[in-house]
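There are 4 protein chains.
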Amino acid sequence: MSETHETVAHGMQPEDSSELRKLYKGFEEQSLIPLWTQLGDLMPMHPKPKAVPHVWKWADLLPLAEASGELVPVGRGGERRAIGLANPGLAPNAYISPTLWCAIQYLGPRETAPEHRHAQNAFRFVVEGEGVWTVVDGDPVRMSRGDLLLTPGWQFHGHHNDRDAPMAWLDGLDIPFSQQMDVGFFEFGSDRVTDEATPNFSRGERLWAHPGLRPLSGLRNTVSSPLAAFRWEHTDRALTEQLLLEDEGEPATFGYGHAAIRFVNPTTGGDVMPTIRCEFHRLREGAQSTPRQEVGSTVFQVFEGRGGVSINGTTHKLEKGDIFTVPSWVPWALQAETQFDLFRFSDAPIMERLAFMRTHVQAD
Amino acid sequence: MSETHETVAHGMQPEDSSELRKLYKGFEEQSLIPLWTQLGDLMPMHPKPKAVPHVWKWADLLPLAEASGELVPVGRGGERRAIGLANPGLAPNAYISPTLWCAIQYLGPRETAPEHRHAQNAFRFVVEGEGVWTVVDGDPVRMSRGDLLLTPGWQFHGHHNDRDAPMAWLDGLDIPFSQQMDVGFFEFGSDRVTDEATPNFSRGERLWAHPGLRPLSGLRNTVSSPLAAFRWEHTDRALTEQLLLEDEGEPATFGYGHAAIRFVNPTTGGDVMPTIRCEFHRLREGAQSTPRQEVGSTVFQVFEGRGGVSINGTTHKLEKGDIFTVPSWVPWALQAETQFDLFRFSDAPIMERLAFMRTHVQAD
Amino acid sequence: MSETHETVAHGMQPEDSSELRKLYKGFEEQSLIPLWTQLGDLMPMHPKPKAVPHVWKWADLLPLAEASGELVPVGRGGERRAIGLANPGLAPNAYISPTLWCAIQYLGPRETAPEHRHAQNAFRFVVEGEGVWTVVDGDPVRMSRGDLLLTPGWQFHGHHNDRDAPMAWLDGLDIPFSQQMDVGFFEFGSDRVTDEATPNFSRGERLWAHPGLRPLSGLRNTVSSPLAAFRWEHTDRALTEQLLLEDEGEPATFGYGHAAIRFVNPTTGGDVMPTIRCEFHRLREGAQSTPRQEVGSTVFQVFEGRGGVSINGTTHKLEKGDIFTVPSWVPWALQAETQFDLFRFSDAPIMERLAFMRTHVQAD
Amino acid sequence: MSETHETVAHGMQPEDSSELRKLYKGFEEQSLIPLWTQLGDLMPMHPKPKAVPHVWKWADLLPLAEASGELVPVGRGGERRAIGLANPGLAPNAYISPTLWCAIQYLGPRETAPEHRHAQNAFRFVVEGEGVWTVVDGDPVRMSRGDLLLTPGWQFHGHHNDRDAPMAWLDGLDIPFSQQMDVGFFEFGSDRVTDEATPNFSRGERLWAHPGLRPLSGLRNTVSSPLAAFRWEHTDRALTEQLLLEDEGEPATFGYGHAAIRFVNPTTGGDVMPTIRCEFHRLREGAQSTPRQEVGSTVFQVFEGRGGVSINGTTHKLEKGDIFTVPSWVPWALQAETQFDLFRFSDAPIMERLAFMRTHVQAD
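Chains as they are written, first to last, in the working numbering: chain A, 1 to 364; chain B, 1 to 364; chain C, 1 to 364; chain D, 1 to 364.
Don't read these hints as lab results, they were simulated from the structure.
Errors might be hidden in some of the hints.
Stated by the list, open to error - Result set (BS3-like, lysine-lysine): computed pairs, CA atoms no more than 30 Å apart in a straight line:
#1 K50(B) to K48(C)
#2 K320(C) to K57(C)
#3 K22(D) to K320(A)
#4 K317(C) to K25(B)
#5 K320(C) to K50(C)
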């Protein structure tokens, strides 16, 4: 593809001459750049991401997070002990993709990450551990294994570890989008969390986590989900039921042997936040997902089980905690050695809301 | 109000004359009716419903339903052993309001109500009993105390009683709307239910009854809820939590001492069906709801507890199972003697979608 | 269809007995009506409207309107000299259909119809004449031949005739819907119009009647069109262009030889008012529209030309000014003897917003 | 602001040690970057765009475009003789802002720019000249002074100059967004335009450019406007009427002496394309716009008149054809010496659809 472009582009280039050089100098002086010298890069035949597919092994990440816990304080200013997964194609930025930021955050025993808020949308996913509460606009939200916790844009949030053991989890944000598009605002909040209670269920859950029920005190739709915690118990049951229904011959799964749910805003049925889609996928032992290409970038973390992912023809082995990213329009497919559970997030809401989404599913 | 209108209307009436009589005869011959003789009725100052407020006592209804069980067969043709609550102001129609139909349906031991489908939207609410399964588009849905079960427009449905005891429940439909507006279609289905299984949970629940989760196999929004059963366990917990949150000083209830939820379509967060809103209200012992007037008509059934309703200034005592209707724009308020639980349905989606909704809440 | 129902219904009727009579007496005493005695009427196999197809001849209507001008005053109380077209199937109501009201309104030289407002949505269509201004929320709107003028719900409006000649036009409202559904509110306004200016273009047109342009002072969407006048000049040009494009082989018409436009709310692209759809249809000489059935009722007025309409198999000749109505689900098709122009309005927005719409187009 | 951040960030930096260096080396080996070393850049207190405000003078641009016409061929490969306005803060990219591309395109006498299509959304605005037709999905669209012409994503388009004089115009696209977000697709089309006719009005205009009217053949909403040409005649009249209405004391303008329209998709009333907002602003002689800050970036081109713009406190003189850009959250205000007409485009639909939009209007 790029060859074609270069060839064609070369084909049309004007002949060198002193007049041309003068013209190009004029362009430079006037902050102008002609299209004909760079069309192929600006407008490729299909997405040609600088971001590359990449796999981070949990076995490598966790020790570094633990070492950070020893060496790096957490507090006002740095705000978070978070280690960003930096896509090698996007260096020197700590972007896992052009839109998404993904980090391991680590909080030592009894530590507190102070409160702040920002326009950026954020979530946490807990691959293991417990004991931390994130306080979102004053509402303490327990973080436990398998849970998805939201801190949508411009809601104050801080975290505190109520236990004597450290805890690490996955952070996802739309920082690269917001940084490149110049949409970020930030405000410091309380140095400690504003509510140190450690309830089992947040107030948001007590109001909203009832299937098909909506409080009359909450009839106004919100751009992000008012439910900030999606518990593993529910996710696991939903996936389990899909596979059981498939066993019974019912059309419940996303593909054969492939159960999947999307986390949604109960006020709209749409994505939990305006820029980030969150899903959970489970493949039966031995199952494979249908190879697909999608506009936009995505990140997966293995929650449980063993398997692999084939990205653009290359297969990577995966174990619990491993994280990988697939750039825009790169084909991918999952393979399960055991029952294989993966958390997924992506920038699909951006692509869909701006009408750029395309999906290509490989025919059988 | 009507006086004013009549006076004014009289004031503008043309003087009687032979020419006028000839004109009116001409109108009659040409199927014409002048506005000036009937403006006050056609366009009142505010809604002046023919429907009247009315209370039906469960203690009266149930024995008649039981007697029907003895005397009236159920089967193809009559289709249902359903006894409509006929608003005295709308006689001779069996309409509880201009839009809504409400009936007690009764199914004897081991009886089956055959399958059919219709454009009309329908639901069942179970004030007591169990043992019947309603089969909705082939999916058997258990009916138990406190549950709301949907059969949205054009979905096949039949009921069968799996037990040796009879069961009675509340039916709600938009028959009066559909009959007056000429929108009804009907089709017979199987003489027996198409799936005689009696599972605890319908397939719809297994796919959809997970808070904030949506199956990837169900990403297309539907006009009615794909979740057909809303279980009492969830309703009760949601209401309980609202009152507990109120105790903690949080803004969770609809009014002081007044918890309330709306049953919603999880694909949109909106009403469960395009024409019918379903809600559940709970008042603390001693609490009162704020008096309000609303465009459109509504029906309540007491689920548990004792209290009263004041409608247009008249107070009615209420006990378990009692049903009452409030016509459009008539002021109403609930009073709770004990903890007071009420199921509610209304035509509010019609009023809102057509931009006719107005609400007036009495200031304290 | 009805035979089947009656037969089947008979088949399931309980045997007469003293107990049954006692039961039925109990129903009556308790304001109850059983479903099994009236299912066929309540839930027909398809819409069985009481309204009937009917044609009103302009040659009959206009003289009666003129006689009314002589005999009936216009003023506060009666409000309007409007003569309703009463569907013979809906007697004694002045309803042209279960949802729609249609009248000839007549205003003598220099007369004024006082200002008022109501929840009901209204429009005027001018089949001939000029000289009247309708003042909508203080904005004087010229009424000329071929124009559609809106007075959406709860906007004050009055009319005054600025000329020495009388004028008659078509009024359309959702009075039957609002009366049966109890949604009406009404308020008297000024006894004279609040602005007696007679500009060529209303302020609404000056702000909004620019194709594809929206004022930055009007960015909030409104349930009804902020543009209150749709001029014949534009309607005619749009229809002319569709037929020219068809001549050029482009896909522009609704059916072969059948141009049609819908009047829309420029803030949404949807219907001009929440309950009423307005359209204009033009058939080439000799063309026919494809026979179709639609849920909901509709009214047409011939604007120009000669032709006919076949309703449920019966053909009616039509000339300028003639008005006809087609009830729900009754098949209809237009035939053009000359170029044939018709204004149309219907309750389709009600049917679509409540998900009751069905359309059946007869295959060729 | 940045000082604060740096200070605080310094405050929390871990002390240097061999362990820390080892940790940082580990990060590097594992493609990880810690948040605490770069928080201030990633998440600023408010947008801190790399893009800078910049003014390009038409008097500088046009001669360079003309020289390009002499020296650079147009044809397959380079595709367009377009000269991009490169924001000095975003070098070496030819981006006028992080989301928008803006260029002068130049087509010599009788030249053709070949057909292609791309996922990127594009428009042309004509500050002067005529004689070129752009052919959009086979529909020839005349380009004349003051017109806005759309080529929404994935529609084939090419241009040809039907005259003996060259023509230059402004191109706007979402290339920077699509390039950074990896959403672009591209396809070559015909080497010549597929329809060489030069009609006054495109077929799209003939179908759609009728105020408040929608063809029944076009009832499906589209993500971009089906109307591809917005004529100066309409724009000018809309602005003129707003100022006249203001003279009459009516609330028609955007601010005092400041008329403005938005170009919209007639199927929705929303923006013409999913990523680009287009507007036209007119200030009376001597008028000023209210200073405002907005999330997202914008570009203006002076169409007629003289005046200035104050950007972040610096005032720039402006004449016909001059182009300037305002980055995200930078305050700006217009001042008119004469009647002052400006075309504007921005990425506001991106910000609004993703819920990042904020606006701050300076109080008087």
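Exercise for the section: Mind listing which of the numbered hints don't hold for this structure, in increasing order? Expected result: As far as the earlier hints go, not one is violated by this structure.
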